[in-house]
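Here's the letter readout for the chains.
4 protein chains.
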Amino acid sequence: MTKFTQQIEVSGHLIDSLILTKIFDKIMDLQGEFTVEEIDIGKKKKDQSYARLQIIGKNQKHLDNILETIYREGAVSKTQNEVVLKKSTKNCVMPDTFYSTTNNHTQIFHQKKWIQVENMMMDKCIVVKGNKAYCVPVRDVKKGDAIIIGENGVKITPPERPREGVDVFEFMGSSSSSERPTQHIAKKVADDIYNTKKKGGKIIIVGGPAIVHTGASDSVAELIKLGYIDGLLAGNALAVHDIEYATLGTSLGMNVQDGTLAYHGHRNHMDAINSVFKAGSIANMVKSKKLKKGIMYECVKNNIPFVLAGSIRDDGPLPDVITDVSEAQREYKKVLKDASMVIMISTMLHSIATGNMLPANVKVIVVDISQPTVTKLMDRGTWQALGIVTDVGAFLPMVIQKIKKKK
Amino acid sequence: MTKFTQQIEVSGHLIDSLILTKIFDKIMDLQGEFTVEEIDIGKKKKDQSYARLQIIGKNQKHLDNILETIYREGAVSKTQNEVVLKKSTKNCVMPDTFYSTTNNHTQIFHQKKWIQVENMMMDKCIVVKGNKAYCVPVRDVKKGDAIIIGENGVKITPPERPREGVDVFEFMGSSSSSERPTQHIAKKVADDIYNTKKKGGKIIIVGGPAIVHTGASDSVAELIKLGYIDGLLAGNALAVHDIEYATLGTSLGMNVQDGTLAYHGHRNHMDAINSVFKAGSIANMVKSKKLKKGIMYECVKNNIPFVLAGSIRDDGPLPDVITDVSEAQREYKKVLKDASMVIMISTMLHSIATGNMLPANVKVIVVDISQPTVTKLMDRGTWQALGIVTDVGAFLPMVIQKIKKKK
Amino acid sequence: MTKFTQQIEVSGHLIDSLILTKIFDKIMDLQGEFTVEEIDIGKKKKDQSYARLQIIGKNQKHLDNILETIYREGAVSKTQNEVVLKKSTKNCVMPDTFYSTTNNHTQIFHQKKWIQVENMMMDKCIVVKGNKAYCVPVRDVKKGDAIIIGENGVKITPPERPREGVDVFEFMGSSSSSERPTQHIAKKVADDIYNTKKKGGKIIIVGGPAIVHTGASDSVAELIKLGYIDGLLAGNALAVHDIEYATLGTSLGMNVQDGTLAYHGHRNHMDAINSVFKAGSIANMVKSKKLKKGIMYECVKNNIPFVLAGSIRDDGPLPDVITDVSEAQREYKKVLKDASMVIMISTMLHSIATGNMLPANVKVIVVDISQPTVTKLMDRGTWQALGIVTDVGAFLPMVIQKIKKKK
Amino acid sequence: MTKFTQQIEVSGHLIDSLILTKIFDKIMDLQGEFTVEEIDIGKKKKDQSYARLQIIGKNQKHLDNILETIYREGAVSKTQNEVVLKKSTKNCVMPDTFYSTTNNHTQIFHQKKWIQVENMMMDKCIVVKGNKAYCVPVRDVKKGDAIIIGENGVKITPPERPREGVDVFEFMGSSSSSERPTQHIAKKVADDIYNTKKKGGKIIIVGGPAIVHTGASDSVAELIKLGYIDGLLAGNALAVHDIEYATLGTSLGMNVQDGTLAYHGHRNHMDAINSVFKAGSIANMVKSKKLKKGIMYECVKNNIPFVLAGSIRDDGPLPDVITDVSEAQREYKKVLKDASMVIMISTMLHSIATGNMLPANVKVIVVDISQPTVTKLMDRGTWQALGIVTDVGAFLPMVIQKIKKKK
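Chains as they are written, first to last, in my numbering: chain A, 614 to 1020; chain B, 614 to 1020; chain C, 614 to 1020; chain D, 614 to 1020.
It is possible that part of the hints are untrue.
A pair holds if it fits inside one copy or across any two, identical chains being indistinguishable in the list.
What the hints assert, rightly or not - Below, in silico cross-link-like pairs of lysine-lysine (DSS-like), each with a Cα-Cα straight-line distance of 30 Å or less:
(1) K906 / K1018
(2) K838 / K1015
(3) K659 / K639
(4) K657 / K674
(5) K691 / K656
(6) K656 / K616
(7) K674 / K905
(8) K659 / K691
(9) K635 / K768
(10) K671 / K659
(11) K703 / K906
(12) K902 / K700
(13) K1018 / K838
(14) K906 / K1015
(15) K699 / K903
(16) K703 / K756
Hints in this document: simulated from the structure, not taken from any laboratory.
Model the full assembly from the supplied sequences, consistent with the hints where possible.
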């Protein structure tokens, strides 16, 4: 039995960030055994900890399964091996035992050196080119690409839990609940946006049409105008509803300003779509002064990149919408590059999509009136997301008000 | 077969308020037949309509079942009979075929006269004393009470749907959705509170502890202070959390003002309870200046009646809580007498309880972050309720702000 | 003032199907006036009713607005005019005053004849070619197409409410609630599927991945195998999870059969995608016997058409996925042609998409654990949908069990 | 500064059960400092761990606050002091600095001995009588009771997380999600009920009226009949709906068996209440054979204790209902004594109430269609609860079916 063992080590904030707990959990979930050979817990709170464990499996396959699992939690083999590469035999096809990525910071041991993997996302493969390593989606795999197989030589660094900071993440913990002091949370979010921007951070908004329905579009437009937002990721619906509201004053057939029913309510939605087709594009509508306010207007005016991804549900969709979803994913990724903070508002579809593309160290705030939506995003792997269960129509105006007071 | 027929008539806004539709529906649901003998639809929109129908059942029992059902929708027998009374044989026991009330305006035909039933509520019986008729809950039935049995001689007037008004009810229709312009709804609610008060109306708040958790308790306290509220119906939790927040600044272990974790967070809840027991009552705490702000404080200071109903879930409960629920129901009813408007905030338990005690013509606004909560209240018979699906911690401060602007 | 009037008439089950109520409502919502000139309510429940009204507006524009609105509820101008046509000046562009469709049965008066509009959907325009009329989405409009403008000559027939039938729609009414006897509803749905099929109806399933996560995929696969299903509309996720479950036995990292954690849980999802790319397509996987059971397998084996629409959230997506959403919409429509019944399971995205493509007379059943999802579909215009709020993992096996007993 | 330090120690499954993580967290949340003086992590997975820390505060008050907080997570002062007692000066009043309990296993150091506190519940005080210690609610405190003040001499043992077991808790982890294989979960719950009973465990059901509305009452009745249930805790509504269904076949006005509308639907609810008042009690109804099946019938027949707690929302309430909530709490507690497993079904009110009365080591399963309900129970301190988000009308029949197969 002693043959099926492996020494691993792990370091970092083992206790604080639950790293050791998760490793112990996984070993036990998989019915493995372990011996703690050495443990050195940081004496003070900023100190790093270190542990060396002997992992014991029932057979080689069992041991491999355990190791594969705990490597993903930050454990590293004591005797580090080189990554093993295998060539793709066909476009869009990975070798059978391809290494499937997490969204954590990842390094590989290749030609005796640790190389950081670029463009990190979850559920992808790693392609090695020369002394560079890239995280690549299956559709972008090319025949001949050298792809990492197995778990050897891959090292993950789980993110530290934020501590003693001043941001809303520390305030809320990781939970989502509607039973929190909303005005205070709005202030914390305002602070966080303000401070992120002040430090030169990049802030992206991912938004759904409920922003317009609930009357929060003026707030979002103002946030863009004030220079806080560096990109907008959405679908057809947000743009159509924003343009309908900006040009006809209605949303879902109701005059947003005074709440009366609109005469042409029913067809205003289609009218807005037609007017963009007539102009040729949203930018053209702005140029020809047909579109003079709103979220899309501010994006165009302020040169903020926006990507509208098509969906099967779209009316139209607008000429600006990228109807090919694989292409839209690539464009989303470009806008997300080096983002420090992503604010997701009332759209499960685009939020999960964006979550899938983000490394785990990017701050994610999700604002939605439905708790299960928030939960689902975290269940899909974007566990760093901070969920705020509130009414965006009331919450976003509060946030803007508080940001403007800071200026 | 022609023997099993009965002529009925109905008048009012038959089309507009769906009265005729509902009567047709019920007859068909019960597989009866009908002939429209006369119909006179109001020519203009304010005109009343009138219809006379012949109802046909398969047998006498079938006919009776149909009639019993449509009488509840406002149909009246063409040949009006006197109500039939039967004595209760025992306290808390109604005769087997007792007439079970709706929450609609109800009259009875007794000794050749139409008498209005007082104290109207749903799911009760009607007791006749001399030339007065009262709606009475089963627990208050006394041996010897003369109770109406069967459906003869009872006439119901379904409420008209509000039309062309200016209030939030007309604005929203009867639906509840989170996809509405929140700021505008807040303005409408503010207008409605303001106008109701200006006309001398009585406004009651029914509230749960989420008012405090979400940071909206200052808003509710201010609404009371400004004189808009005539009564508060709640449970132990609202009072405890309000007093904890007012005396210790915390709610659920968090400092509400700055959102930091409280040192004694865990036990502050129990501390607040103990402090009321020590003072003897909430009013004593105000008198001895131990309680100096908040919802309960404003109630005491402004002589606004409040009733705290006990529940099995209570910590404590406070000495002010009425632990006997039947007694608490009686006290709730006293406060609700002649209310024009009831605002229910984040409490399904007390909202359904209150809904059960209200006649159908009282305006009811339900504010909750959960749509199913709102739906459930309507399903339970308080169908006149207007549901606003929002975050009370953001919504109520908006309402107050807008009311104060009006003054 | 009398100049701004127009005589309209309407016939059908005016009371029963709320047609007259809705017309009165709309006139009053828009602050118009009306006079009922003639009304003839069907004497018996199967009889049709008829009404002739004089509509009065404040000015021509006001009158037009009212008329436009009530025409959509089934009112018809007494003096019927021909439709007015205008040519599209550019691909994808409709004339400014284009007629925007509803999902109701629609006829146009063209060259002295009533023509039925084909391919009916909501929120599109109507193109007339010779003596045919088609409902056309904006992206399919070609330069030169003759498009109906204004409201003249368009007649809508609102669907009757189902009455005295035996199906689940009659049983449930139009409401959605989780407080219904689930086993009985399952039986009604089973009856409805069985009877629809017996009468030669076409049944389409629209499904999300929760079918697999909740363990209901064997039930759906069996329903297909038994010949009840004529088409499957889904996205990438349903197919990937189904294939992961069929080939590796896992869903979201858990062995579905015994509920233990899977060793390779994390990467099985990506493994399933890779295996389809390796085979080239789902059909190829079936041919090469790599895929031997499940929903997708049964579709391929039984030649049931399936359409997988891409979304921005997709992992992969699979080679079978149509990544262009406009193209996917066209393929969805083909499968939906002449459907009698559509069963939507646990997917808001594809359900709303499908709802947008369906005429109002197609039966729609929506099964989801979230009540707001069901509500949202109806709010988006698919108001004929019957919502069943339940757990698909428990509900669908019940339905299958009950269908199999019938055979 | 070194004056404000204290040595503490802690032992158990420090890593696995997150004990050390929580202690580190709390110290940092409160901005304290610590030094790890000794740590001994169990070498193998069943081994206990031990740690000794030096805690450092900014001043004595700060240090005390930190200590107070971490003592609640299982830390123990190295130099153990005796508990400090203070007499209550008045009924229902605790001394100002009373020790407020958790729901964890608790011991006190009194007269040089460790004594286990009996009747453990959260948010109460501890009364010492001779060499016994009791957990006592504020309303039961008597003048003169010796009550523990401060944190000295109190030791808490946080429960271990269940590991490597076979029950549904291990299977599900602690999360609640609707995306789990329902049939498998039903099997696990069935196993757990079966095994708990086989080992002589006591199982209590806490239930709401949705059991009846969703058609699951036959399943619950059968579970009682089969001898699996040792007590039923509910409110008025469950009993009324159960008796209405058992005697009249209806629930919420619908015939549960065939789903048709009931003639007397509207008043059946009140009829059921009246029939119990007529008989005098539920037991009398069973005796006189007026009640012959259902949940309440099986309780009476099989001598299973049931407690019906009154609430402000009650119709009636039934003569069997305890209308005083403090009295009802005492009766609930009696039934809960020594329970091994509590199954909470579709009732937030009674579930939170029961959760408040349970020590943390009792297994709690919560079944509800609403995820926020499940979350709220855990947020209220019953964090050991396992949430199953499903439709009880479909889930419970599955559980029964699977239990019966085992017999």
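Status of each hint after checking the structure:
| no. | hint | result |
| --- | --- | --- |
| 1 | K906 / K1018 | both (23 Å within a copy, 27 Å between copies) |
| 2 | K838 / K1015 | both (16 Å within a copy, 26 Å between copies) |
| 3 | K659 / K639 | both (26 Å within a copy, 15 Å between copies) |
| 4 | K657 / K674 | between (39 Å within a copy, 21 Å between copies) |
| 5 | K691 / K656 | both (24 Å within a copy, 18 Å between copies) |
| 6 | K656 / K616 | between (35 Å within a copy, 19 Å between copies) |
| 7 | K674 / K905 | between (64 Å within a copy, 26 Å between copies) |
| 8 | K659 / K691 | both (24 Å within a copy, 24 Å between copies) |
| 9 | K635 / K768 | both (16 Å within a copy, 27 Å between copies) |
| 10 | K671 / K659 | between (38 Å within a copy, 18 Å between copies) |
| 11 | K703 / K906 | between (49 Å within a copy, 26 Å between copies) |
| 12 | K902 / K700 | between (54 Å within a copy, 25 Å between copies) |
| 13 | K1018 / K838 | both (16 Å within a copy, 28 Å between copies) |
| 14 | K906 / K1015 | both (22 Å within a copy, 25 Å between copies) |
| 15 | K699 / K903 | between (55 Å within a copy, 23 Å between copies) |
| 16 | K703 / K756 | within (4 Å within a copy, 43 Å between copies) |
Checked against the numbered hints given earlier, the structure satisfies every one of them.
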